[in-house]
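Asks: Work the whole structure out from these sequences, hints included.
Going line by line, the protein sequences match chains A and B. Count the first sequence with numbering that gives the first Met the number 0 and you get residues 0 to 473, in order. Count the second sequence with numbering that gives the first Met the number 0 and you get residues 0 to 335, in order.
If you are wondering where the hints come from, they were derived from the structure by calculation, not from laboratory data. As the structure is a computational prediction, the values presented were derived from the model and not from experiment. Every residue gets a Cβ at the ideal spot worked out from N, C-alpha and C, and that includes glycine. Check before you lean on any hint, since a few could be wrong.
[To be verified] Restraint ranges, calculated between C-beta atoms of paired labels, are given here:
| # | chain 1 | residue 1 | chain 2 | residue 2 | range |
| --- | --- | --- | --- | --- | --- |
| 1 | B | W319 | A | E213 | 31 to 37 Å |
| 2 | A | K168 | B | W290 | 21 to 27 Å |
| 3 | A | F166 | B | P158 | 40 to 46 Å |
| 4 | A | D169 | B | E110 | 55 to 61 Å |
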Amino acid sequence: MPSFDPVFLSRIQFAWVIGWHILLPAFTVGTASFIAVVEGLSFATGREVYARISVFWTKIFAVAFGMGVVTGIVMPFQFGTNWSQYASATANVLAPLFTYEGLTAFFLEAGFLGVLLFGRKLVPQWAHVFAAAMVAVGTLFSSFWILAANSWMQTPAGYEIINGAFFPKDWIEVIFNPSFPYRLAHTVFAFFVTSGFVVLGVGAYLISTKRGTEEGRVMLSMTLWFMTILVPLQMVLGDLHGLNTLEYQPTKLAAIEGRYDTARPTPLTVFGIPDDASATMRYALEIPELGSLVLTHSLNGEIKGLKEWPADQRPPVAVPFFAFRIMVGCAGLMLGLVALGGWLRWRGQLFDTPIFLRLCQWASPLGFVAVIAGWCVTEVGRQPWTVYGLLRTAHSVSPSLTSADVTLSLLGYAAVYLLIYPTGLILMLRLIRNGPRPEGVQEPGLAGHKPVAGDQSPVPIWVGTASAAKGDVR
Amino acid sequence: MSQIFDLVPIWTLILGFGVFFYVLLDGFDLGVGMLYGLAHDSRSRNTIMNSIAPIWDGNETWLILGGLGLLAAFPVAFAVIIPAVYFPILVMLLALVFRGVAFEFRLRDSEHRTFWDYAFCYGSGIATFAQGVVLGSFIQGFEVSNGQFAGTSFSFVSPFTLLTGIALMFGYALLGAGWLILKTDGEVQGAARRHGRICLVAVLLAIAAVSLWTPIMSQSIALRWFTWPNALFLAPVPLATVLLGWFTWRALGSTAEATPFLGATALFVLSYLGIAISLFPMIVPYHFTLWEAASSPRTQAFLLIGTLFLLPVILTYSGWSYWVFRGKVRGELGYH
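Replies: Below is the structure:
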């Protein structure tokens with residue numbers, strides 16, 4: 000059992016803030032591109048329905064993006080507050096990558112976002128399309144740099160170590176380190192698929208509730224085409240990423256497979272209860288030789304088990320093992336839904352099969368589940384290192400921290416995120432329920448339009464009592 | 000190449016510029032957030048919030064540049080300073096989260112609008128106070144051993160950091176008042192002029208207090224200020240501050256719409272330069288100089304290539320973004 004020392008608590012805190020944060024890029028990266036495509040189609044064809052779809056998604060995007068910005072600002076400061084030894088050891092190599100992320104992407108997104116959100120009537124349409132495209136490009140640049148940094152921590156390259164700190168030798172090798180191309184492709188596709196399934200589900204909802212049948216059909220049909228290509232491709236990419244992990248991070252792969260003992264040929268462990276203390280897989284359900292076939296693409300390939308490494312160099316097995324199975328399970332469900340959709344389209348019943356529309360709505364969160372599961376696989380699988388094989392997590396933490404310090408900050412992040420995220424979700428669901436109203440019809444409660452009755456509080460906020468403030472919280 | 004040129008001065012300038020840009024830009028919108036709490040009716044509140052709604056997130060991203068730029072160019076400083084201000088940073092981040100989401104949530108969540116109104120102005124105020132505490136801790140200095148912070152997570156607490164925290168609240172509110180005078184008219188502008196004058200007086204008092212306290216607290220700063228010939232060069236600084244204070248006071252009472260903001264900005268420039276002159280070349284007062292804390296020349300060179308190309312681009316389209324939303328805001332100005 001882990002002890003509640005500053006290292007473990009800081010890990011929980013990092014997992015907490017990044018786990019919540021990653022949900023937003025997982026949604027906004029794909030949605031930004033979707034909006035840019037729809038804006039482009041609206042500009043090219045002049046069809047009203049595209050403009051309405053763009054306005055509809057831009058509102059939802061704005062809520063998610065605002066949350067993404069503020070939870071994103073939290074991230075770089077974590078390196079300083081909780082991981083200062085990691086920061087000083089890796090800064091010479093990694094900090095420029097993080098900074099390039101901030102420079103190229105965050106600015107590009109945030110700078111053009113204002114025009115995308117507020118400028119529809121202030122700038123010519125081409126400039127608005129351009130702003131939409133720039134926001135989308137910004138999110139992709141962001142992914143590029145942040146995943147380069149993350150990949151370097153998994154498969155470090157192009158560095159030298161002087162006095163316990165990493166220094167760059169070759170930037171091309173640092174950025175294009177062995178796992179980067181696979182991780183970048185797999186993650187960006189995951190983000191596209193995640194947003195794709197949200198759009199799919201919302202489209203199905205708009206059709207089945209008749210809140211926007213025309214818009215819903217365009218969303219459903221268009222996204223289903225995208226998903227038909229992306230979901231199978233993503234599974235191929237995942238397989239390639241796995242082979243790369245086998246080569247460069249064999250302990251992570253062994254944890255994913257739940258393999259303590261080296262075997263040739265290797266069975267595939269479908270399920271089991273891993274026990275790290277005794278290094279055995281209990282109640283293992285195995286399919287002979289399949290492990291070799293999947294991982295080495297031959298029937299007799301050898302897969303090394305965790306016992307090949309000292310106990311203090313092995314990751315915990317349970318989290319990567321189960322999270323990987325959840326991720327693959329999500330992929331299977333998505334593939335099934337896409338196949339069903341393709342069949343219904345061929346039969347000409349895509350828009351009027353209630354059970355399919357219902358399934359699409361239920362499938363909406365699948366991408367998020369898969370992203371979080373995949374994130375757990377790759378990050379917990381890297382343990383006990385922050386830089387794989389070179390810098391231990393236990394040697395990365397800020398030396399001045401006490402358990403009480405980190406408990407306090409963790410409680411703070413927990414409380415705030417547990418208020419912000421459910422509220423954000425409720426508000427996005429409300430925007431979806433409102434549906435894509437025709438242009439010119441303003442929403443009720445819009446700034447300055449119809450002040451809500453009783454809202455004209457005569458007392459300035461600072462003067463109002465604290466109890467009044469509390470009374471407003473649900 | 001990188002071995003021939005010393006890149007540290009260039010990075011000092013870029014980082015100094017970036018941090019100042021953050022202070023100025025997020026400073027006025029945090030200040031607007033605090034003044035928001037003094038508005039009497041929802042029409043003024045809408046106007047006040049709309050004056051920064053399209054630009055706040057662009058402004059806030061300069062904080063990322065400041066944090067990451069420090070990590071990339073001066074990692075030793077980052078690894079000491081940030082853990083030393085563990086709780087002020089935590090409080091600042093949480094407060095920024097609250098005020099940031101309030102922009103969207105306030106519009107969409109009308110049943111709890113009052114709650115998000117509170118979140119917006121208290122969040123702005125608390126984030127500002129925390130930043131002031133970080134500034135105070137920085138001037139105050141840190142305990143260091145083996146290149147890592149050696150104090151506790153509460154070492155930052157002192158009357159001095161409390162003073163700088165409160166001082167920055169009035170400072171940002173002054174900038175915010177200047178911005179509102181520029182962007183609004185009528186009642187909202189009138190209120191901003193009155194609030195601006197109160198903030199100005201508080202800011203000048205705070206500058207005086209910090210200027211008296213700092214040399215008492217730090218011998219090295221006292222030496223720098225009061226030895227010949229430095230004293231001769233530095234003598235005009237307090238004089239310029241007083242003149243600027245008087246100029247801004249008059250501008251706040253006149254019909255001028257841009258000068259109050261310019262006056263407030265100039266006061267920030269002077270204070271910022273004052274701190275820089277006092278501490279140079281220290282980046283971790285009083286332990287590491289800029290050169291001792293710098294990252295490797297290869298790191299600085301790699302980042303410089305992209306930064307020199309990207310920074311002008313960023314400034315250009317930030318400028319474009321401000322241009323698109325130029326002129327007076329109105330409460331009902333189309334949102335989305």
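Asks: Could you run down the list of hints and mark each one as holding or not?
Replies: Hints versus structure:
With their beta carbons about 35 Å apart, B:W319 and A:E213 fall inside the hinted range of 31 to 37 Å. Separation of A:K168 from B:W290 is about 22 Å and conforms to the stated range, judged on CB atoms against 21 to 27 Å. For the hinted restraint 40 to 46 Å between A:F166 and B:P158, the CB-CB distance of approximately 42 Å keeps it satisfied. Distance hint check for A:D169 and B:E110: the Cβ-Cβ separation is about 57 Å, which falls inside the suggested range of 55 to 61 Å.
Against the hints set out earlier in the document, no violation occurs for any number.
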